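Student: Below, each chain spelled out in residue letters.
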Amino acid sequence: MADKALIGAIAVTRFGLGARPGDIEAASEDPIGWLRAQIQREGADQPVSFPLPASPPPKPLAPTPVAFGAMTSAGPTPPEAMARMQGQAASASSAPLYSAAPPPSAPLAPIPPRSDFGAGRPLPTMEAAWRTFQQYRDDIKGAKADPEARRLAVIPINELAAEEALARARLASSAEAGFRERWALFWCNHFTVAAKNQDTMVAVGPFEREAIRPYVFKSFTELLLRSSMHPGMLLYLDQAQSIGPASVAGQRRKGSGLNENLGREIMELHSLGADAGYTQADVTEFARALTGWSMANTPNAPEAPPGAFLYRDNFHEPGPRTIMGKTYADEGGQQAVKVIVDLARKPQTARRLARKIAVHFVADDPPPAVVDRLEQTWLRTNGDLAQVAVALITAPEAFDPTARKLKTPNDFIISSYRAANFIPVNPARDVVGPLNALGQRPFGAPQPNGWSDVAADWAAPDAIVKRLTWAQGFANANAPQGAPQDQARAVLGERLTPRTLLAVSRAESRSEAFALLLLSPEFQRR
Amino acid sequence: MTAPLPSRRTVFTAAAAAGVGASFLGLGRPAAAGAFAGRKLVVIIQRGACDGLSLAPPIGDPDYHGLRGDIAISSDKALAIDSQFGLHPKLVKLHDLVMSGQARIAPAVALPQRIRSHFEAQDLLETGGAQLYQSTTGWLNRTLQAVQPGQTLTALSIGAQEPLILRGPAQAQSWSPGGRLNDQTNRVANALMDLYAGDPLLGPALASGLQTEAEADAINGGKPLNGADIQAFANTAAKFLVAPGGPSIAVLSLDGFDTHANQGAETGQLAGRLSLVDNVIAGLQTGLGEPWKDTVVVMATEFGRTARVNGTHGTDHGTASCLVLAGGALKAGGIIGDWPTLQQARLFENRDLAPTLDLRAVFKGVLIDHLGLDRRRIETAVFPNSREAQPVTGLV
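Protein chains in written order, with the numbering used here: chain A, 1 to 526; chain B, 1001 to 1396.
Hints should not be assumed to be uniformly reliable.
Rough simulated footprint, nothing fancy, chain B against chain A, three-plus residues with beta-carbon under 8 Å [claimed, not checked]:
1) 242-250
2) 517-523
Chain B is nowhere near these chain A residues, computed Cβ spacing over 10 Å in every case [unchecked claim]:
3) K4
4) G22
5) E25
6) L269
7) P396
Please keep in mind that the hints were generated in silico from the structure rather than gathered at the bench. These numbers were taken from a predicted model, which means no experiment stands behind them. Virtual Cβ for every residue (Gly too), placed ideally from N, Cα, C.
Just chain B, same shape as in the assembly (with noise of 0.2 Å):
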């Protein structure tokens, strides 16, 4: 099945009633000159099923508690966003954005297609596709060749693995603290530019690995950074983006969202990742400094947990979860799409949230909005196949 479409309407916001709602009818506004100069998009995957329902717990939601049990986030811990919506108590950085009018949540989005393999799922996220195996390149990637003629879109993956999202024949750069060069090395690396020539795959990576980590050297002024610090971390990745001809769209991802057993509620295990969550968004906050007026971060995971509590103080692998957006560039407002509710009866196979939004609705009215990209290549060449995800316009 896929899900239904989102009503105009957004329930439980003031912001609908402020008229600041979603509308599915435009086109985008066309691209400035110089197009993406000082747009910024920041993507976050959480990997292994982020649960939604304490992400941002639905406090108003009669049926809340009583399906969740001892891993409810209690009503008065949560940070209330509005009588029906909190964020996890971790997020505190995260709250002060919703407050202020420049982060929202989506609480109840899933992918077009119902999967519960973690690995199947996130492939899906990553290539765009409207089922699986569809595609095998991502749709970040693709989205860097979806420019007007003339323009160029680059992007920036953060960690020593890249991700599916910006795999495919446009070249994204990638890095991670630690890879620091030298005369030495930079001697081995010319020689090597020799041997890797015509080389398709170790050629082009490593002129861009050099490209990117000769950045990296002028944006810390030398100075190495701590790996472990995920705040600094998130900090260098902002200001990647914001250093001259730096690209426009940098991804990361954060993992071990997979809570089957002892999730734990306002701490624990899930408030432990969360607090990482928090600590990046903050991190990318600094990084970006002024810019981040200018700046989208989309946050989405494969999908959701079950609504019950399991019998491990846990979550087994649902459907519907919760996107998050942050930035400077947003327009204030309420949740996105529709609340399906917790009620029995409306649990998407009696186990999980249901969902009322399409992923890549939300996806495609920040490509458009955002970035200013054309909706008939977002809808041809980036997500194809998508015409029933009508992209949510009126983010930014």
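With the rest of the complex left out, here is chain A (with noise of 0.2 Å):
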């Protein structure tokens, strides 16, 4: 490996969202070390709603270490997996999986101080996030025709989707702990729910906060499992209205039945992967053991609020499935339960989503011992996320000094603002008009793989010009004050060529300087 200053500089830039000054110093003291805290149990760190409270309680860069037993997982994972992760831990090298968090490195980014979006709300819940939605279809119902009414009905829906881009991008910004975001930024993609209807536009920042962002370091059998199970994702794919030809509801209503959408993804998409060797007929049976699956969806319902999860019987198609040549008795609601925890602990989920990772942080191309780490990891653990990460932050040939991912428009404009410092206020301005340019907008990947992880889909001549444009728009309202060569020192610590550094100095404005900055090939990589 590489000097300690270099893998301090890979460390936060490779595997986080990029430097803000002070960044690197603090990570090259324990480069590894540094990752390694960052990974806790509890999960992802939430956004907040705008305003940020005046003085946020300093969050600590790690939990207070604690063995394995002690962890809470609630949901599926059964005991004898927790016992085995158990062992696991205690017989590890000398490491341990959580270590003492280091001391906290650069202060948060002053707030700005004025905002031109308004005053904040608390993010919503589901349940609050879908009466925002009933609203809105109650007042588009009632605005009929009138151009002006159904104007004013989409309103509060724009609102929270705006809000909701915002305060992603402000945790992103923000975050000490870059590398824990961008994990769980990458399970967000993988259960990819975006913004088609208006129903999922309120959805899908609930969805994160729910069912992702507190799991990313559990198993993935629950992260699987809750991912499925919220309305957001069976709203998104179809599945809170798919209805078992045979069931009550079925042999009731003419002209309903199965979506197999949701069945589908599960398997191809958030699990085994579409070369894993299952047919068609797996994929119906699977679209018939998750009937059931649904949404509360009326108001004063006695089983759960508007917005919530709700099994419905009256859905389900009775009788035992077989799936992938296994037979699953009919239990109702927890038959699909059964399917899933069964994908979730295939091999080629493994294997699909050891390189997924690789590919994700390491290159597109990843080597093949990175991939073979995690996937051993996963195997090993039974997919528990924390050691899987623990394997990808401890591969020696993750750290190779040749970044070779390039960013993804996202990343490059959340990394250009922890260069300079700056936290997003505007989501218009800041984040959704620049994502929309460069071609991935906030919570709209157009299909259900979400945003590709690949050079080859980011860096298209047009897609070039653009971050061009884009840097020195950005540059010319923020560049730091200050000598450009010092911030590129800090942003980029020991990955700054002798050629960036020469272009920056000879740049004839501050502007120009730090747009050309952030448009180097270094930074544009990790």
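Bring the two chains, given one by one in their own frames, into a single complex with the hints.
Tutor: Right, dumping it as structure tokens:
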């Protein structure tokens, strides 16, 4: 491995969201420890509404070290799996899985004194977000063809979407634990719920906060279950209305029936992968098992408030289901749980996710050794995502000094904000506008496989020109004071090349120098 | 399985009787001197599996309405092409083109491999392989290299992301609205060209992007373009093609066709997307102007959707779908390929419209007849292992 300062720079930029001034220095003391301390059982940080509290409580970089046995894993991880993980942790290498926190690095960036976005609200739960949607639905119905009433009806939905996008960008721009946030965003993209209609537009924020972020360092089985059951996913992949043809409701309502979208995408995108050897018949059987997984949508319903998960037994296709050679007895809503638990634990899932993580963090064509390490850890720990994260940040091959990953538009913009110590305040100007222009609209992945992770998708000639025009505009407004060469050193550390340093020092203005830094090959890649 | 070969007979078509039906023997016309000057090809990819049975409803098929229930396009609302087929009521402009002999449909096409994953199928559609994972480059990119020595064929993708179909060793242009340059960005760009020298990814991309941006500026007379106006967007894309030295090929993608729930019929979700399709075709035609007569537009999707409506008033992943050809260079004619019918016994796996024509057969026919490319090179470099997908000739 290269020297500590270089590893520190790699730790902050390749695994995190980019360096704020001071980050690389803080990480270089003990780069692996700095990354390791960000892995916490309780999950990722949560975006908060705007404006942030005047003085946010200092967030510890790491939890108090705890033994695996003491960790709570609400949900279906069986005790024997926990016991196995415990055994592994005890016999693991000398380094503890969760080390003590290093001293805090640079203080939180100052919060801009004023906002042009108005007062904030707490970010809603799924149920609260659903009330916004229901209000919209009622208002649109009442508006009929009146264009002004229709325009007014959609405003609360658009405001909520903008607020969600801003909150997410603010968290990423200010996060101390950049790796933890990258890890969370990786899983948010893996389990894509996109704003394709007004209903998914309100659901995507709650989905990420409720179904993904708390579970990204727990077992993959649990994460897959939480994602599959959340109303956001049920809406996005059309599960909520899927009805077994032989169910009570199916027999009664003509023209109702099965929708296999969620079943297919859980198998193909969320777990096994399309080449895992299952058939159309397996997909259809799984879709039948999933019938009944739905969302409450009636006011004053006794069973659950509108917007909450609801198992509707009268939608459920009765009978046993056979999926990939295994038969699952009819246990109502539990039938699909059993299937999902098995899918999560298949070796094809381990292999596929190991590769996907390596592609995200290391290289478009990752070294097989990294993929193998991740896969072995996954198999050994039954998909314990905390241990998989540790395997990633301790893989020597992942620290190759050559930066092979081109940043996605989102990560380019976020890392630019971090470099400038800038926290976005205006959702249109700072988040939605630039990401639209660069082809990565917030919560707007065009298809359920999420945003691409490879350079070929983001380095079209036009895309590079868009990066250039955005970077110059941003630098004109926000280039930091001080010597540009010092900023370059602070933001790239040992990764800074003499060529870029020279170009930055020769630029004719501070803003052009800063734009060049953001556009330099070593800032564009990580 | 592979799709059965199309027969020489095209059913339900007056054109066949008039002797304009497809023949499958020609070797393509030899490339004229100066080659591609004037000949333009636009490829539109509909992502998400567009429902061919709504795009071009088979109103004369006795099983159509029964299978489709409340999402069927009613016979009196469909824009009739002939006694058997109509177009979706939102496809007004496309219908005009069909009726004036400048557009045709191939109502039952599919990829050579039966796949129901969007992402695998889009990969196969764009790499042009006979099977998945045979190639990592796009078939249009390989087309750029399949020209005679001394010829140059160039392409442009429209949109911020470069589609796989154009990815590969040959550099292609790309463009989307909004990347305006000024003196300051030009200075930074100059410095960047130094920094990117020797960078195989960023260097060529920036150089190409700057050049295209300069062209866009000339095309639009320095006026910014509203990216939300799809017709203006297609219009500008077309102007790139006809600008002096402009590319011969343009690619654009439309998404949002994955209509699992509440698909709608004459209005609704899919109708909205098809209205967009119509605007894109209209924008291309007006943007191209007179060179529309030398243009072929090919619009294809990765697979079709289930023949039956599903339980949520939508359709699930199916097999065959409808391909659209448009452009002034087309010969008039009826539907391309056989219609397998929607009879229960003819449905693929008892659920999907069965394919009668391999998508590659149409693509090959267009490359050979319209761009004058050599069939042998097409079958070795562009669509390897595609011998059984005999090119559909006589389209232009």
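Student: Failing hints, ascending?
Tutor: Failing hint: just 6.
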